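> So you can see what is in the structure, the chains are spelled out below.
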Amino acid sequence: MAKINPKFGKELNKYGAVNFNACYNCGNCTAVCSLSTEEDSFPREMVRLSALGLEDDIKASLKPWECYYCGECSTHCPQEANPGELMMSLRRYLTAQYDWTGLSGLLYKSLPISIAAFILTFVGVMAFVISVGFELEKMLHFGHLFEMIAIGTVGLVILLPNIIKMWYLTILKPKVKVPFMKYVKSMGELFIHMFTQKRALGCDDNQFRWFEHFILVIGYLSLLFTTVALDWFGSENLFVIILGYVMSAIVFVVTVDFVGSRMKKQKEVSKHSQPSDIFFVVWLFLMGLTAFMVRLFIDLEILEMNKWLYIFHLTVLVQWALIIVPFGKWTHFLYRSFAMYFAKLKS
Amino acid sequence: MADINKKSAKILVFSTEKISDPAIDMAGLLKLHYPPTVYTISIPCSSGIKPSWILYAYEKGFDGVFIAADGSDCVYGESCTEKTGHLVGKTHNLMKERGVEPARLRMAAICSVCSESFVKQMRTFNEYLLKTLHA
Amino acid sequence: MENPIKNISYDALVIGAGIAGGETALNLANTGYKVLLVDKELSVGGKMIMLSKVFPTLDCAACITTPKVSEISRHPNITIFTSSEVANIRKVGDNEFVAKVTTKPRYVHIADCTSCQLCEKACPVNVRDQYQFGLVGRKAAFIPFSIASPKAAAIDIDNCTLCGACERVCPTNCIDFTMQPEVFELHVRTVVVATGFNLFDAEKMPRYGYGKYKNVITAMQMERELAPTRPFNTVLRPGDGKVPDKIAYVLCVGSRDASVGNPICSQICCMYSIKQAQLLMGALPMADVTIYYINIRSFGKGFEEFYQQAKGMGVNFVKGKIGRITEKEGGNLMLRYEDINEGKLQEAEHDMVILSTGVVPNTGIDKFFVNENLMLDQFNYVGQSDMLASPAKTSIDGVFVAGTATGPMDIPDSILSAGAASSEAISYLIKHS
Amino acid sequence: MEVEKGKTAKILREKLGGIPEQAKENLKEYNRIKKLILEALADGELTIKQITEKVNMPSDEVVYYLMSLVKYGIVKTGDVDDMDEYYTYKLNK
Amino acid sequence: MKKKKIGVYICHCGGNISDYVDVEKVRQAVEGDDIVFLAKTTMFACSDSNQRDMVEDIKANDLDGVVVASCSPKLHLLTFRNVSVRADLNKYTYVHANIREQASWAHSDNKMGATEKAIHLVKAAIAKSRYADALETNKIKAIKAVAVIGAGVAGMKAALSLAEKECDVILIEKESFVGGRVAQWDSLSTTTETGKEMVKRLYNELVKHENITILTNCEVIENKGSVGNMLLKIKKTPRYIGGTCHPEDLKRAIEVCPVEVPDEFNFRLTTRKAIYKNYPSEYPQTPVIDIKNCTRCGACEKVCPAIDFSEKEEILEFSVGSVLMATGFDSYTPAYGEFGYATSENVITLPQFKRLIDTQSDKLIYKGKEINNIAYIYCVGSRQTDGENTYCSRNCCTSTIHAAVTAKTKFTDINNYHFNRGLRTYGKQEILYADSLSAGDIYLQSYEDGLPTVTLEGKKTIVKINDILTNGREIEVEADLVVLVTGMVPRADNKVGSLFKIPKGRDKFYNEVHMKLRPVETVIDGVTIAGACQGPKNIAESVNSALSAATKSYSILSKGELETDPLVATIDPEKCTWCGACEAACPFDAILKIEKGTKVIADINNTVCKGCGMCAPVCEPDAVNLIACSSAEIMSMIDALV
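Residue numbers (our numbering), protein chains in the order written: chain R, 1 to 347; chain S, 348 to 482; chain D, 483 to 915; chain H, 916 to 1008; chain E, 1009 to 1650.
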């Protein structure tokens, strides 16, 4: 027995869903989707659940994460109901549901709040640089320290509980029985999907998009590793320096292409980009670019200029670590991989 | 050919232009089969059939006569059923007088879409006639 | 050679000699008005004359069209111009229009042709027959189709090699390659637009593979395969001549689909598909016929019963729009769809697929009128100025519309619409007499 | 100008200065394929599948040309195979 | 008498016949008959070229008659009669043999049997042809006037169209006001005009025409004569209000009237007085007293001087040439308890709902309660699997969506839930469906064998469904109001239909002769049908059919003269002894007693005789025969069939 909640649609619209109510349930979206299978049929099912407002079913569903948004369903939707964008919005909605702090939802739904958050963090960074008297050495040192603390804190305090909540909503609450050994055996799934997005290869659109994304993930993770573990800005090791250059260059080249297509809004996937999507790629781009520049200025010994550049870099970094990673789009990196893992558990 | 025809009795059907003809036509349209020795003479209304015609048909060698009556659908008015019934009764008497088995005359209301019922009637009538006349 | 422009007067000009235009012309002619009926094809009868049987009564289309067509052809008050197109129409007075009509040369004098088909036999050329929707060939000297009216030969000049063989065998010397296009300037008092519709071009949906996969055909092609004058003399797949035994109908191809620019329902495809399914069950008793639909729209008199009858005969109805079709080795086709009843993605293999293509407007009609504005509706059909109370009136006083020129409709509705257009036209003619 | 009846094609041909290239090509192609198919059938009845193998052409093209030949009365349809799948075709002599 | 020479044509029907019947064998079998001059086979007998050939054959060989063996005479009897006429033969010399529906198709399982039967059928036709003499049609004067019965939109449009064609029109309405169903609606789909405005516009046009007589409160009670000249007796019930009634007086009269009866105009949602008018701009402007419910208390008379109880029922007589029926439809009344109808106070029908939204503003209130959640249950009384109404009512899907969208726009906080069986918003109406979806209306579709259920739980009305669109899950909606989407059914009161003997189809609506060839004609000559009395239709479709029917009625009468079938009964004066049996048998009063010389015999009124033949078997001396169905002909056919 299910009860309809017609108000749910309005809530979902705040996460960017457009016109999904127009769906007349022909199933064309499911039929054109190359990832949809007999066992896992979507997106129409999600469109239907959303139209009826069956929230519990949506929260328990992993299907939104199984979509990699090639846009075919939206391109061919006879009612122009945008199933692809609905799936995207559901991912934002679910992200907000998983987040115990509730901040994700706020940031997704409100651009002013997002901007305020960015300003607030900027103010914090400025307060810090003023407190250390604009000394580059101290800033660099603290920046490195901050990265390590932030990663640990965000991971333990925000992301881990969120993953547990996701597990609760999708496995525990719907009463799916999973033997413990299956948890262990299926682990591989988690990492494969986390690092490769293997599933997206099944998408019908060009494989280049998958490749770009793959490179970006590897580049980003390597850059993170280089700066945090190898202390790129502080390192004298030539290999580390070059590695950092290469990685940051990769990040910023790929993101340039991403930003470009988001701006043009030509492809189906980017027609309905939300601020959160744009923040994510722009900040990624800025991180790559500023990191590259900061190291370059260090190597060229343009240190006075570098102060300001580093403040910029630090601001981007802090905003990234405190806003985008825990509450923003970055989380899809985790949720998607876990969704694949959980899906494997459920199967 | 004679062999095939032996399997079916010769039946003369009086059908009506507006009501039962369409049903018989539709039986053909739907490829509902009945014996090919069923012949139809179409007239405006079943209450216009003269008993003498029916008797003549037996005389000439028809095994059976079937009146596909308009029933209550008759375009000429509701008295048709009663009148057709009356003339059938009259004919039955005349048949008895002449020693023709009255069961060789049958009547049923065939409405304009009663194709299936027409075909059923033909089949059972045919079986009956074969059993009683050609056995 | 100089062509004299011919001036002629009529009471009414009816553009399009399909079932709606024909009915309108007959109604007008029967009340004593002189009608000019213009059609761009070689024969009158429009699309209906090409059909096999018609729903829901399963009368053969020819049996209904031919008596109308011969009545039209013989009517003393009707003049027919085939292979003719209206170039422009100018309103020159309160109730007078001047229409410029151009007639393409047929290269055959219709009056002299006895349709003996000797020219057809003699012609060495073979091209795809447009009246069989390309399923089979025809000659360059040809009679359009067996129930065409006028039933006279024509020369397809684009494909003719001008060998002269046809001329040599013609017993009545009716073939004449010196024919020239003719231009007529016609004075008429009223105009009825009955230009009909086009069928959606299935090639605009590449995911269904029409044109690429040879065993994917349109419903109009199947209509020909089922018609008495059918191209293969039985139902075969055009890909390899196999008798199909697992046939699929894909509904809503190019209708109810905003992504291809046609959001409205074509209103006839459900029924013609059900009809064809019934005919196929008759023609190929062993065949499996499946109809993939979104909603079955059997709304007219006797339609729902016809749908139920098809179900009773064993036609499979599956709720779900086909997403993609892919071809397998050997020419069979895989259809991907979501079975809505189950909520599951499914794939089904069929050996022949029929795309039930929708109705799209016949565009360009508004351009006929040079000094008046013929309004179109938002879907590019001829606009109705008073849609509910006077459905046959257009934005131009004295110009009326009949049949599918205003939007999709079935044959009975087209005929009623033609009745309405003729009623308005007669009233207009009486008022302005 | 007085036109002799039955010889007007020549007039048009002269007026156009020849015949369209495509019409010529089309005729050539038809004659070629017609010959292939008729040769293939010369030895006896064949199904479309068998003709396709013999003439080495796409099967849909064979269907089109063969059916045209049936229409023109040059080829006629034989029996259907045991599976009720393919008909055979033979020369109409 | 000179021996007849006839031509026989046997049709292949493009294989429809020749696939099962050996047409060549049939041809050979009849070729030798003594009156058969030529026998041919043809691919399509009905084709233009064959028709041309036939004309040439007849003329060249001086044939006396033709037999065509082809499809059912329903399709082509007229075609070939016309061919005969074009060849200067009398059309009644033509005889038709049906070897398709009754031979090739019926016996496609037995080719030999089919061929044998076809031979006999053609032989019988040839036998009949021997007797098929030239007959002259009766020419009768046609009165250029049409009675249009029913003044709904279809009737009004038909009347207008006929009047424009200079025909006299009697527009007869049973109710007290014109406008029919459309007058009951405010907002209409696809236009900004309301139903009432549309009726007003048409009425204003009607009254401009001097050749239209509008009769309200009138019923046809008798019909004499036949096409061309039909004498109608019309009963006019008085309005009991003379002249014009001052609006203020009327208001007071209504106030003082003590009688309250359910208001049919609002589908019994409200009540009205015995003196009433449904809405201010209603036509005719004069109100009416519903005399059946009036208690004659006289209270209204005291406040309104125009009221006049002395008015008497009148019988009017009109002669017309043709009758156009536009009597419309009834809305299906659900059975007691059908989806909670009459058992739950929250359940109403679609027409009631439409009246409800028309009569309310700001908030939607029903029975004192504000309505937010509305459940619509589709196909109530249509597409029944275990009822009589198997047909689809065509217009209800669109009508419901339109009402739902209107309600949503007009009132705040409306949630629409559509419990349907597959939406049928055909054609451009699809856009309305798309719009309602975009506006957030929720559609739930039931399985064919699992219709939604309406249950009462305390004061709550719960609608449950196993929804196809949600993998068959059970979904429930707590509805403030359940709207039963009732379809169109034929008028329960069919007195006027029986009067004219109009046949009905399977669906009990009036039946046309042929859906495509003759869609607005009935088998009764001169009686055409228009609008929803023929089957469910929307407004534009009704108007199209009304205009078509008007064209048809007009074309029957436009020449001022028409021809009737000469296939009537004949009396052999030698044999007739006047017993009166035939007169008693004739349902059309076509038999008269006359004196011929010294003898009293029966005589046939040829214009009234319909040629049914009911008089023939009752004649003891066998003096009556039907032309073309005489004993001699029938017996010669029997000879040929054996």
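The reader is advised that the hints may include incorrect statements.
[To be verified] Just a few of them, taken from the derived set where beta-carbon distance is under 8 Å, the chain D residues facing chain E:
hint, residue
1, C598
2, K728
3, I746
4, N823
5, G865
6, G901
[As the list claims (entries may be wrong)] Dumping the calculated DSS-like pairs for lysine-lysine here, alpha-carbon to alpha-carbon at most 30 Å:
hint, chain 1, residue 1, chain 2, residue 2
7, R, K185, R, K175
8, R, K14, E, K1607
9, E, K1503, R, K10
Keep in mind that the hints were calculated from the coordinates and are not lab data. Being a predicted model, the structure only gives us computed values, none of them experimental. All C-beta atoms, glycine included, are put in the ideal place defined by N, C-alpha and C.
> Each hint: holds or not?
Here is what the structure says about each hint:
1. C598: Check failed: Cβ of C598(D) comes no nearer than 10 Å to chain E, outside 8 Å.
2. K728: Where the cut-off is 8 Å and the nearest Cβ of chain E is about 24 Å from K728(D), the hint is violated.
3. I746: Hint holds; I746(D) Cβ to chain E Cβ min 5 Å, cut 8 Å.
4. N823: holds, 6 Å
5. G865: violated, 12 Å
6. G901: holds, 2 Å
7. K185(R) x K175(R): Answer holds: K185(R) to K175(R) is near 20 Å, not above 30 Å.
8. K14(R) x K1607(E): violated, 100 Å
9. K1503(E) x K10(R): violated, 55 Å
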